[in-house]
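Peer 1: Residue strings, one per chain:
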Amino acid sequence: MTKQRGLSHLDELESESIHIMREVAVSFAKPVMLYSIGKDSSVMLRLAQKAFHPGTPPFPLLHVDTTWKFPEMYDFRDRMARETGMELIVHVNEEGRAQGIGPFTHGSALHTDVMKTQALKQAIEQYGFDAALAGARRDEEASRAKERVFSLRTRTHRWDPKNQRPELWRLYNAHLSNGETMRVFPLSNWTELDVWNYIDREKIPVVPLYFSAPRPVVRREGTLMMVADRRMKLEPGEEPETKRVRFRTLGCYPLTGGIESDADNVPAIISEMLSATESERQGRVIDRDGEGSMERKKQEGYF
Amino acid sequence: MSPVTPSQEFRAYVNARETRDVLRFITCGSVDDGKSTLIGRLLYESKLVFQDQLDRVEADSKRHGTQGGALDLALLVDGLQAEREQGITIDVAYRTFSTGKRSFIVADTPGHEQYTRNMATGASTADLAIVLIDARKGVMPQTRRHTTILALLGIRHVILAVNKMDLVGWSRTVHEGITGVYCRFAKQLDVTNVTSIPVSALTGGNVIKPSVEMGWYHGPTLLQALETADVATDRERAPFRMSVQWVNRPDAGFRGFAGTIASGLVRPGDPVLICPAQKPSTVSRIVTADGDLACARPGQAVTLTLADDVDVSRGDVIASPTKPPGRSDQFAGHLIWMHENAMLPQRPYLLKIGTHVAGAQVTALKYKLNVESLERVAAKTLALNDIAYCNINLDRQIAFDPYRELKETGGFILIDRYTHTTVGAGMIDFALRRASNLTRHAFTVDKPARSVQKNQKACVLWFTGLSGSGKSTTANAVEQRLYVLGRHSYVLDGENLRHGLTEDLGFTAADRVENVRRIAEVAKLFVDAGLIVLVSVISPFRDERQMARRMMEEGEFVEVFVDAPLEVCERRDPKGLYRKARTGEIKNFTGIDSPYEPPENPDIVLKAGERSADELADQVIAYLRSRVEM
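Heads up: the sequence lines are chains B and R, in that order.
In terms of the working numbering, the first sequence opens at residue 1 and continues consecutively.
In terms of the working numbering, the second sequence opens at residue 1 and continues consecutively.
No lab work stands behind these hints: they were computed from the structure.
Just so you know, even glycine gets a beta-carbon here, dropped at the ideal spot from N, CA and C.
Take the hints with a grain of salt, since some may be wrong.
[As the list claims (entries may be wrong)] Sample of chain R residues lacking proximity to chain B, with all beta carbon distances greater than 12 Å (derived):
1. 253
2. 300
3. 322
4. 361
5. 411
6. 422
7. 524
8. 567
9. 577
10. 582
11. 607
12. 627
[Unchecked claim] Derived list of chain R stretches under chain B, where covered just means 3 residues or more per stretch with a C-beta under 8 Å from a C-beta of chain B:
13. 19-28
14. 119-133
Modelling step: build the complete structure from the supplied sequences, incorporating the hints.
Peer 2: Shown next as structure tokens:
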């Protein structure tokens with residue numbers, strides 16, 4: 001064995017994220033951690049537990065529920081809240097629910113705007129949160145590569161990419177003016193592969209949908225969509241078939257495409273990724289609404 | 001189909017991930033040197049680009065590409081729509097990639113002059129820099145500027161990538177010429193570790209694979225140089241430092257100090273010093289969620305418990321007692337200005353260093369650095385992207401190290417007190433011992449004694465408002481009443497003082513700040529003498545009025561806003577100044593071509609456009625009576 005100098009890549013990422021979470025806990029009056037139930041949220045949760053050990057993390061979890069998640073995600077969410085002992089706040093845009101907004105009837109763009117972007121703004125205002133920890137990574141999408149770790153939102157929750165605070169060393173500027181809020185991204189420097197390596201090393205539980213299993217799917221616009229509940233109406237001629245599929249990202253099931261895979265455990269997923277040719281966002285319908293669509297959504301307040 | 005079992009490749013990969021370290025580097029160069037293309041090439045050739053991303057770049061190349069519809073790798077990196085349209089990178093972007101030997105975090109920073117602050121931002125966390133040079137152009141002013149910033153931020157390892165070699169006929173002479181010029185400049189800045197590599201980002205030559213066209217070059221390719229650069233700074237052998245982020249008190253039985261270790265090793269039983277208070281203690285445990293550690297290293301986020309019940313809070317530095325950090329409230333160091341609003345000496349800012357936030361002022365601008373010629377130029381203010389050497393004064397003592405010894409305890413940012421944006425970044429050079437060498441003599445007859453003697457509580461009535469609003473007239477009327485009431489007072493009139501105390505100052509923003517500072521200092525002395533001081537000065541900026549307030553004790557500063565509309569003041573124009581300002585005869589006139597920032601929460605508002613000086617004076621006296629000053 002050669003003598004190891006410094007920390008390994010994963011150790012360094014872990015320490016950096018813990019450092020960021022602690023800064024948030026002490027710098028803001030009412031921070032919250034956004035919990036989306038996905039693998040990044042699972043890693044965030046574990047990092048938060050580590051950061052404040054032996055205490056529990058000094059902030060609640062917020063799940064902005066679009067009401068269109070996979071059923072298994074809800075089970076997993078409630079289990080994690082129980083196991084960590086953290087307060088879980090679930091927020092639904094009730095106006096949107098009353099109007100029956102959904103991806104099948106209103107399209108992905110409107111659904112995401114009302115049930116996710118607007119819902120998040122509502123929750124932040126309703127509870128008076130001044131900082132929200134979120135699991136976005138810079139490797140996910142080009143516009144995220146330019147975002148700060150501490151990313152300021154205006155009174156109207158907008159992100160102004162041309163007017164970001166310079167962020168030097170680890171000196172995060174947490175000062176807010178009236179009505180401004182902060183989004184903080186402790187996983188900024190992580191990649192999808194880092195996330196899976198960390199899940200593997202730390203034995204972190206994730207939603208079973210990430211693992212391959214026989215599932216009922218239909219093929220729509222080139223993606224494999226799971227028939228997750230009764231709200232999914234089959235189009236004429238469509239017949240669900242059972243395939244071994246898994247999901248690389250989890251969101252609203254009608255907006256999340258599965259991939260055919262046999263990877264049914266974490267090491268297998270990592271092996272598969274090492275030879276993958278498509279990026280994880282590929283399965284997300286939302287990114288393909290047009291060029292620069294993620295940048296536009298972020299400016300409007302989507303994560 | 002059978003379930004997939006981990007392959008041999010996977011097992012090797014998992015083993016490597018525990019030993020593979022990370023190199024953070026920055027790429028910099030002038031516009032069009034090909035930075036984004038080079039990073040795109042690194043990502044592309046190390047097979048980190050997924051097919052769907054590539055498909056999109058291919059489509060984009062046809063629309064926005066600069067390669068005539070051919071695959072434009074810069075588009076992999078240039079993320080924002082605005083940048084794609086302009087064809088330039090406008091902000092710092094971070095990318096990650098890894099090879100079997102190392103993981104890399106790349107900061108891609110813009111070459112545009114007005115975005116120098118982004119380069120400093122990217123450099124602050126980098127271990128190494130790739131400086132790009134267009135082989136056709138050689139060392140440009142921007143190259144010198146960037147290298148100066150790299151040196152200031154403590155980067156000692158530079159890879160000089162002489163790009164576009166395909167456009168100079170793969171010429172060895174060109175490469176050697178540029179290398180020579182660059183190394184001579186870099187040496188002046190103490191950047192002596194330079195590896196110069198001739199490359200072509202467009203064809204990929206010497207980026208990952210050796211270039212067939214440049215057989216005369218025998219050094220490493222760019223990727224090899226990145227994989228093998230030894231940037232370890234022996235932080236483990238440096239004295240122990242940990243800035244306390246957070247005091248962890250989940251229950252009465254546990255009190256731990258959470259932080260990230262900046263340098264040195266720490267073990268249970270180690271003696272430590274809590275700085276700047278310099279209280280000794282001993283480490284009892286190194287607590288982590290994965291169990292207590294026998295030893296913790298630089299970069300690790302841990303929680304320490306101490307053997308004694310010493311007072312430790314956020315911002316303190318837990319340090320080695322044999323080599324403790326310095327302690328001071330005054331420093332000399334470099335400052336990079338990062339905001340459109342100029343830096344004004346004496347203006348109060350917030351300074352964040354480590355986990356500590358303190359009030360700060362630049363007390364002296366020693367010189368501005370011309371980053372191309374390295375000449376030192378005199379300066380009164382700093383504009384966006386200026387770099388200066390200055391003295392900084394804090395409102396309290398802090399623990400620190402010179403930046404060249406440790407970035408974590410020597411680098412700081414300045415934050416605007418109103419907008420709360422980050423306006424500057426600096427590097428501490430050394431402490432100025434002036435204040436700690438001068439001990440204050442304690443005199444027996446003090447402020448309370450003088451107050452008792454005069455039968456009044458000393459205070460400052462700070463009249464602020466536009467020229468011609470009636471500040472001096474009202475102050476005069478107030479003082480007449482105080483005199484009749486047997487009170488001891490004095491008027492400091494901004495205009496009159498310009499004949500003596502402040503005669504060397506003009507009306508620029510910087511001079512106005514100094515003007516207010518001097519008057520506030522004098523007012524403070526008069527308050528100490530037990531007087532009711534009436535200050536009449538336009539004092540147009542909130543920051544400086546706040547500064548004056550902070551110089552006094554709680555309750556001593558009474559902000560009186562003499563509120564008369566500009567039209568009223570201009571109509572009165574008692575000294576004919578507005579007329580001169582309107583014709584351009586005098587410059588920087590408040591309300592005309594220089595701003596007035598009205599107080600947000602004044603103690604007294606005098607409606608000077610509607611009421612007479614006598615009525616206003618009565619209002620002030622009534623206020624003072626209500627506050628037991630009289």
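Peer 1: Residue 322 of chain R clear of chain B by more than 12 Å, beta carbon to beta carbon?
Peer 2: Consistent with the label, residue 322 of chain R stays out of reach of chain B, its closest Cβ about 24 Å off (over 12 Å).
Peer 1: Between the stretch 119-133 of chain R and chain B, see if three or more residues pass the 8 Å beta-carbon test, and mark the coverage as holds or violated.
Peer 2: This one holds; 4 residues, not fewer than the three required, reach chain B with a Cβ under 8 Å.
Peer 1: Please verify that the nearest CB of chain B lies beyond 12 Å from residue 361 of chain R's CB.
Peer 2: 18 Å, holds
Peer 1: Verify the coverage statement for the stretch 19-28 of chain R against chain B, using a C-beta to C-beta distance below 8 Å and requiring 3 or more qualifying residues.
Peer 2: Coverage by chain B holds for the stretch 19-28 of chain R (4 residues, Cβ < 8 Å).
Peer 1: Would the non-interface assignment of residue 253 of chain R survive a Cβ cutoff of 12 Å against chain B?
Peer 2: For residue 253 of chain R, whose nearest Cβ neighbour in chain B is about 10 Å away, the distance does not exceed 12 Å, so it is violated.
Peer 1: Evaluate the condition: distance from the CB of residue 422 of chain R to the nearest CB of chain B exceeds 12 Å.
Peer 2: The assertion about residue 422 of chain R is violated, with a minimum of 5 Å to chain B.
Peer 1: Is the nearest CB of chain B more than 12 Å from the CB of residue 300 of chain R?
Peer 2: 5 Å, violated
Peer 1: In terms of Cβ atoms, is chain B entirely out of 12 Å range of residue 411 of chain R?
Peer 2: Residue 411 of chain R not clear of chain B: closest Cβ-Cβ about 5 Å, inside 12 Å.
Peer 1: Taking C-beta pairs only, is residue 627 of chain R more than 12 Å away from all of chain B?
Peer 2: Per Cβ check, residue 627 of chain R is outside 12 Å of chain B; nearest 29 Å; holds.
Peer 1: Per the stated criterion, does the least C-beta distance between residue 567 of chain R and chain B lie above 12 Å, as a non-interface residue requires?
Peer 2: 30 Å, holds
Peer 1: Compute the least Cβ-Cβ separation between residue 582 of chain R and chain B, then decide whether it is above 12 Å.
Peer 2: 34 Å, holds
Peer 1: Against chain B, does residue 577 of chain R keep a CB gap of more than 12 Å to every residue?
Peer 2: 34 Å, holds
In summary, the structure is inconsistent with hints 1, 2, 5 and 6 from the numbered list given earlier, while agreeing with the others.
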